[in-house]
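Peer 1: Residues per chain are reported as follows:
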Amino acid sequence: MQASVIASTATQARKLSAEEIKEIEHEMQLYPDKQAVGLEALKIVQKYQGWVSDESLLGISKLLDIPVSDLESVATFFNLVYRQPVGRNVILFCNSVSCWIMGSESMRSHINGKLDIDFGGTTENGDFTFLPVPCLGDCDHAPVMMVGDDLHRNLTEEKIDEIFSEYKSKE
Amino acid sequence: MVTKPLTKNIDMSRPPLDIAAYEASDGYQSVKAIADGLTPDNVMQIVKDSGLKGRGGAGFPTGLKWSFVPRGDSAPKQKYFVVNADEMEPGTFKDRLLMEGDPHLLIEGMIIGAYTIQASTAYIFLRGEYKVSEKALKNAIAEAYERGYLGKNIQGTGFDLDIILHTSAGRYICGEETALLNALEGKRANPRAKPPFPQVSGLWGKPTIVNNVETICNLPGILTYGVDWYHGLTKGNDHGTKLFGISGKVKTPGCWELPLGLPIRQLIEEYGGGMRDGLELRAFLPGGGSTDFMLPEHLDLKLDYDEIAKAGSRLATGTMILLDNETCPVGMVGNLMKFFSHESCGFCTPCRDGLPWVDEIFNEFESGCGTDKDLQILHEHVEYLGPGRTFCALAPGATAPLGSGLKYFADDFDRHIKEKRCPYRH
Ligand SMILES: Cc1cc2nc3c(=O)[nH]c(=O)nc-3n(C[C@H](O)[C@H](O)[C@H](O)COP(=O)(O)O)c2cc1C
Ligand code: SF4
Ligand code: FES
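Residue numbers (numbering that gives the first Met the number 0), protein chains in the order written: chain Z, 0 to 170; chain B, 0 to 425.
Please note that the accuracy of each hint is not assured.
Claimed, not checked - Derived coverage of chain B by chain Z (criterion: at least 3 residues anywhere in the stretch with Cβ under 8 Å from a Cβ of chain Z; other residues may be distant):
(1) 203-213
(2) 238-246
(3) 328-338
(4) 378-391
Stated by the list, open to error - SDA-like, lysine to any residue: derived pairs with alpha carbons at most 25 Å apart:
(5) B:K193 with Z:K158
(6) B:K137 with B:E22
(7) Z:K158 with B:T326
(8) B:K309 with B:L405
(9) B:K151 with Z:K158
(10) Z:K158 with B:A308
(11) B:K151 with Z:D69
Read the hints as simulated data drawn from the structure, not as lab findings. All values reported here derive from a predicted model rather than from experimental measurement. Cβ atoms here follow ideal geometry from the backbone N, Cα and C, with glycine treated the same way.
Construct all of the structure, not just a fragment, from the sequences and the given hints.
Peer 2: Rendered as structure tokens:
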């Protein structure tokens, strides 16, 4: 099938790395067809590249032999597939109702003041991207947020300061 | 006697039981019963007799749902059993507890469900953000393969089952069962038209059962301890236990396994510890963000499906969100509308265009610019987005807190208009 480019300036597919291809091929064994592996492939690429560029999208499209437009319609659908570069750590900040009742708005302002970014923004030094996320299923510990893979609960301003300094010192 | 079949093995201060410890706690007994000759028809009858209703929101009887799957020699060979672990409804935090706390219980339940409909492949559709659940399930699945509870010819039964863990990437609509099937097939996760129902034509066109995590976790207990025991757990008209949760400004928010039929007041006061000092209960959503508000006058009702329905709401996920007297009800409904608007899949017009409009109006109220005309538009949307007007239940779900909120908090909406500000802001 001829892969066509929709709303993309990329003409060259990125050559996927050996690790990326290996992991995608492993997923292929778990599903009856290649289309079903699309999201897994996007996530695998994102794991290694941090985000999914137009060139990566073309690369996956070639490997799986599915139209790039189909893949793009999946990529843009999901909250956690990033089609723009993100910072080294992504903050997924719960903006749903229980956290809102428990004061998430003032935590958001605190982060906003501290990192000088609001939802959708990335710090200038590339440390953090700040994104809203629906209910993280931890409402009895509201307000909550994730930084990378880690969940942080019962947030207070002091706790947020501590969390950020830990991520800083990890680097 | 076991009184908490869903959580008896759960202690969040330690890792979940490994397979040996799980077996020692009556685990995988049902697989032994299958090996000893329990047929799929037997299991179907037991589950029907148990009266188990789906815990994913709709409360549909599980045995009845399973019975729609074609059986016998003329039925398609390939069938699928799918676990809906996409928990994302605001205020809902029960399936995570089960998966993190006792992953083998879910796996045993999946074996029972898949065996009954004779599906040799099962998928767990897991929310991408649930990293701890993912790890717990991966470990447990590996252990179950090692011990011969998964794979070929499970425990000499002649039944084969593979479980595949699929992690999603965050969209509420993927929890709607037909959208979930599209997502698993790698397509954009718009819901599908029904009929055909998934039980007949689901994943890749094959007969498919989709059940909620908590529903499936009920199965091992029912098979191991029997229907009479299951019925004995209950205080009201519905059977079994249920996970109930409370979030909001109570003294001790949390999630507990309790018999269905417990009075709401007891849940909030005994388990939630009552409201924090100085606060009063204003209203509550009984089962997640897409249920109708209920009022303090409803506190003596019992937590069962029919009784909550009589008060105009739904038990749904059983996880309550409490509104106190110092939190703005208009802001709370507005927060929910922002969620539904953001999570609309965009497939049908009333939802795609209506919800962002509703969200925008709540922003106006928040900033003190709301008008009587805006209020009227909100009322109209309760109808435009209601049941029967849209392709799936997401938009009607949004109208539950919206319609009941407009009704119960009319004064608060008026004050926002008259005072040109949110009266709860100091
Ligand atoms: C927008 C929407 C989101 C849903 N999200 C979930 C969910 O996250 N988990 C779930 O089990 N059911 C969810 N449901 C309900 C499912 O469609 C389905 O009824 C349920 O998985 C059936 O399982 P049960 O019979 O075991 O309850 C959702 C429904 C809708 C309309
Ligand atoms: S009601 Fe909303 S979520 Fe459901 S199909 Fe229509 S647009 Fe999609
Ligand atoms: S509302 Fe924030 S975790 Fe549920």
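Peer 1: Against the structure, test the hints numbered earlier, and report the numbers of the ones violated in rising order.
Peer 2: 1, 4, 5, 9, 10, 11
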